[in-house]
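Quick mapping for you: the protein sequence lines, in order, are chains S and L. Sequence positions in the first sequence follow the working numbering and run 48 to 296. Sequence positions in the second sequence follow the working numbering and run 393 to 673.
Any given hint might turn out to be false.
Unchecked claim - Distance windows between CB atoms, simulated:
id, chain 1, residue 1, chain 2, residue 2, range
1, S, 239, L, 477, 49 to 55 Å
2, S, 210, L, 479, 32 to 38 Å
3, S, 132, L, 568, 58 to 64 Å
4, S, 183, L, 468, 28 to 34 Å
5, S, 254, L, 576, 38 to 44 Å
6, S, 83, L, 422, 30 to 36 Å
7, L, 480, S, 132, 55 to 61 Å
8, L, 449, S, 120, 45 to 51 Å
Quick caveat, the hints were computed from the structure, so don't treat them as lab data. Please read these numbers as outputs of a predicted model, since none were measured by experiment. Backbone N, C-alpha and C fix where the C-beta goes; we use that ideal spot for every residue, glycine too.
If you want the building blocks of each chain, they are given just below.
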Amino acid sequence: MIVITGAFKTDFEIYTKPLSLPAVWSFDNFRKLFVESNITKPFMNSVIVSVFSVAITLLFASLAAYSISRLMTLTGKILFLLFSLGLAIPGQVNIIPIFRLFVDLNLNNSLVGLILVNIALTLPISIFILSAFFKDLPKEMFECAGMDGAGQFRIYRSIALPLSMPALGATAIFLFVICWNDLLYPLMLITEADKKTLPLVLIDYKGEYFASYSMQFAAILVASLPMVVMYLFMQRTFQAGLTAGAIKG
Amino acid sequence: MALPAFLIYASLYLYPALSNLLYATQKWDGITTPEFTGLRNITYLLTEDDLFRKALGNNLRFMLVVVIFQTAFALIFATFLLKNSKTNIFLRIVFFFPTILSSVSVGIIWTFLYDPNYGSITAFLKSIGLGAYAPLWLGNESITLYSIALTQVWFHTGQMIVIYVAGLQQIPKELYEAAEVDGASRWQQFKGITWPMALPTTAVVVAYTTIQTFKAFDLIFAMTGGGPSYASEILVTQIYNTAFVSQKFGYASAQSVVLVVLVLFITWLQRKTLRISDGTK
Numbered sequence: 048m049i050v051i052t053g054a055f056k057t058d059f060e061i062y063t064k065p066l067s068l069p070a071v072w073s074f075d076n077f078r079k080l081f082v083e084s085n086i087t088k089p090f091m092n093s094v095i096v097s098v099f100s101v102a103i104t105l106l107f108a109s110l111a112a113y114s115i116s117r118l119m120t121l122t123g124k125i126l127f128l129l130f131s132l133g134l135a136i137p138g139q140v141n142i143i144p145i146f147r148l149f150v151d152l153n154l155n156n157s158l159v160g161l162i163l164v165n166i167a168l169t170l171p172i173s174i175f176i177l178s179a180f181f182k183d184l185p186k187e188m189f190e191c192a193g194m195d196g197a198g199q200f201r202i203y204r205s206i207a208l209p210l211s212m213p214a215l216g217a218t219a220i221f222l223f224v225i226c227w228n229d230l231l232y233p234l235m236l237i238t239e240a241d242k243k244t245l246p247l248v249l250i251d252y253k254g255e256y257f258a259s260y261s262m263q264f265a266a267i268l269v270a271s272l273p274m275v276v277m278y279l280f281m282q283r284t285f286q287a288g289l290t291a292g293a294i295k296g
Numbered sequence: 393m394a395l396p397a398f399l400i401y402a403s404l405y406l407y408p409a410l411s412n413l414l415y416a417t418q419k420w421d422g423i424t425t426p427e428f429t430g431l432r433n434i435t436y437l438l439t440e441d442d443l444f445r446k447a448l449g450n451n452l453r454f455m456l457v458v459v460i461f462q463t464a465f466a467l468i469f470a471t472f473l474l475k476n477s478k479t480n481i482f483l484r485i486v487f488f489f490p491t492i493l494s495s496v497s498v499g500i501i502w503t504f505l506y507d508p509n510y511g512s513i514t515a516f517l518k519s520i521g522l523g524a525y526a527p528l529w530l531g532n533e534s535i536t537l538y539s540i541a542l543t544q545v546w547f548h549t550g551q552m553i554v555i556y557v558a559g560l561q562q563i564p565k566e567l568y569e570a571a572e573v574d575g576a577s578r579w580q581q582f583k584g585i586t587w588p589m590a591l592p593t594t595a596v597v598v599a600y601t602t603i604q605t606f607k608a609f610d611l612i613f614a615m616t617g618g619g620p621s622y623a624s625e626i627l628v629t630q631i632y633n634t635a636f637v638s639q640k641f642g643y644a645s646a647q648s649v650v651l652v653v654l655v656l657f658i659t660w661l662q663r664k665t666l667r668i669s670d671g672t673k
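Could you build the full structure based on these sequences and the hints that come with them?
Written out as structure tokens, the structure is:
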């Protein structure tokens, strides 16, 4: 509440009456954000990075999870073990090697680089959630399709995927929140102003407008708006998605 | 079909994790050619580095405080919000809300709440006549870490409440009805039924919260950057600072290696103890 009302207030008002409604609903802070600070650019960068990261992760993770859970061979088991390793090791410990690798490959200061990192970081947990889900689907359905001559890819596309829409949706939300909010990797990899994502510019604003909480609140509001709107419409999917990672893990 | 996933994962997760081991034996400033120094980084880190020990201690204290309070609050709230009534569902939605925000946003909001001049917490203490006791929440070395821990608990308790509610709803209602018939009080019911039956869920909540505390980099970076005088420095913030502020990349890799070992050890320890108390093994 403080943030929502604060964004429309003057700093003086926030300090004296933090909980009251603003005397005048002022859009001054938003005008400053969009015109002077050009928050549209980082906003779009965040959209691009999050959407592509989530879409590609889901595609690759569902393919991998499908083959791991359906074709339970030795390879499948070894793969699963390797991916589980990624659950045990927090991704943060990889910042130095990723940084060195990306400087060598010229992938720093690139949204593509950021997307690649996001995919690698979120694959293990996505595969974990999705393969648990695939395992619960009735086996007979796949066997029938197999007997009718459908190839593995066909079965994946026309049976496994449509059936797993709820799980995919929950995982998508889970991943989207992670990608949208991540600070560490962008902080390390992105230095050029026009490649920055929202959490990075929020940190910049904290320095730039350190004396103006109303500006910072307005920026937070802009940065959180997509999440909040999505949350209002899909609380259940959010709650399912953001806890699935924990329950399955 | 698992190939695309495996290629990305192997090259951008497994390979970097392994190369950390190599980098940990080097001295590198980010510009010149890396120089091989053997185990010097590791030995210095483990025997002489007071700052690292401080960050390690902070990390463990932060972890303990957050795990204990977050789990306790989540369990207490969950027992009250268990029934799927309209109010309870609404309250769960409200408590869950912070989870969707970014750590940076949460950090900025709480920096304001903790602000010694304008912050709402200090203002509240002043209004009830305790203004003189209001400390510098983020500026006082001895309490900064706990102030951030409080924020972390506020940030993620809602998520744990939802996990607990899902777990507690699995407990058969008949158990409570039988206890009711026997005249057990609410506390006895909690001690005799809820707590033991919820142990598997508690194990999940504790494990997840622990991992979250190791990932608290974003929040701490947004609130204090690890200060004042390293009072809120945890391992990941220190690794970041060692590499990107002090330009000691090899040394930061060595710190990362120690962090991996520590996380794996704690995970192993938790699985072992929680499984034993769970009675399944």
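Hint check:
{"no.": "1", "hint": "S:239 x L:477: 49 to 55 Å", "in the structure": "holds, 52 Å"}
{"no.": "2", "hint": "S:210 x L:479: 32 to 38 Å", "in the structure": "holds, 35 Å"}
{"no.": "3", "hint": "S:132 x L:568: 58 to 64 Å", "in the structure": "violated, 41 Å"}
{"no.": "4", "hint": "S:183 x L:468: 28 to 34 Å", "in the structure": "holds, 32 Å"}
{"no.": "5", "hint": "S:254 x L:576: 38 to 44 Å", "in the structure": "violated, 57 Å"}
{"no.": "6", "hint": "S:83 x L:422: 30 to 36 Å", "in the structure": "holds, 34 Å"}
{"no.": "7", "hint": "L:480 x S:132: 55 to 61 Å", "in the structure": "violated, 39 Å"}
{"no.": "8", "hint": "L:449 x S:120: 45 to 51 Å", "in the structure": "holds, 46 Å"}
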